[in-house]
Amino acid sequence: MRRNVFHHIKDLLQNLRGKRGTRSTIDTISPMRETAGEIDFRELETRIGYHPVNRAVFLEALLHRSYLPFVTPGHRSNERLEFLGDSILNFLVADHLYRTYRGMGEGELTKLRARLVNRRVLAQRARSINLSEFLLLSPSALQSLDGGSESILSDGFEALIGAIYLDGGLDKAREFVNRTLLSHESVLQSALMDDNFKSALLEHTQSHGLGVPRYVTIREEGPDHDRRFTVEVYVGEQKMGTGTGRSKKDAEQAAAAVALSGKTPLAINDHNENDQSP
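FYI, the numbering for the sequence shown is 11 to 288, going by the numbering used here.
DSS-like, lysine-lysine: derived pairs with alpha carbons at most 25 angstroms apart: (1) Lys259 <-> Lys121; (2) Lys208 <-> Lys249; (3) Lys258 <-> Lys208; (4) Lys259 <-> Lys249; (5) Lys121 <-> Lys258; (6) Lys208 <-> Lys121; (7) Lys259 <-> Lys208.
Worth flagging that the hints you see were computed from the coordinates, not collected in a lab.
Could you build the full structure based on these sequences and the hints that come with them?
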């Protein structure tokens, strides 16, 4: 028997601005998991670092299509918001990479963006905010999630970005993406290590008549099973970047990525005329 604490989402839409409390609900028609439609917005706000104003948008973002048979007719799944959030995310990541890696060409930027917004990375970031605790899922979808499915989490993460964008605008969406994805060095380093930035740097220096970059290992530390290498890269006599890694190869790649990042004269001189502040 359905609990009386559940309200139709249309009532939520009508009374949204004046509603008090921290929990919102979706009206269910299934005896299964009769409390599953309840969302603790105070906890959600803590996890995502954003205060939802239009809770109906966030309820939609958390409603997986598998749960539609268990709610009253008229509700929509999070697929439309996933579509919107995917586009917003791709733009924000592209904008960040364009401004950060000023010496990097279009091909390298495209590959790096793809690595940052792939299903595995987004599912990982969704887990970091415990998004699964808030998603409304059918038993079969829950089993898929418990079995390691990444698509449910990555799709939900994108839908959440779409909801934040609609509710708070682009700046709030940017803050969320920066906080949960782009500010994490481990995520960026993992994406950077998947590409050959030494080749990109070599192409850049040779095309500008600057010669061949030179890599110098300045430090090795740690036990044999967990060695850490620090490498500096020079163009001529000028140090262009420093990188660390578990191998010399990884450290050299990291140093080359820094050299291409726009934090050195090598990259800035050729691009500052097109630079615009965020």
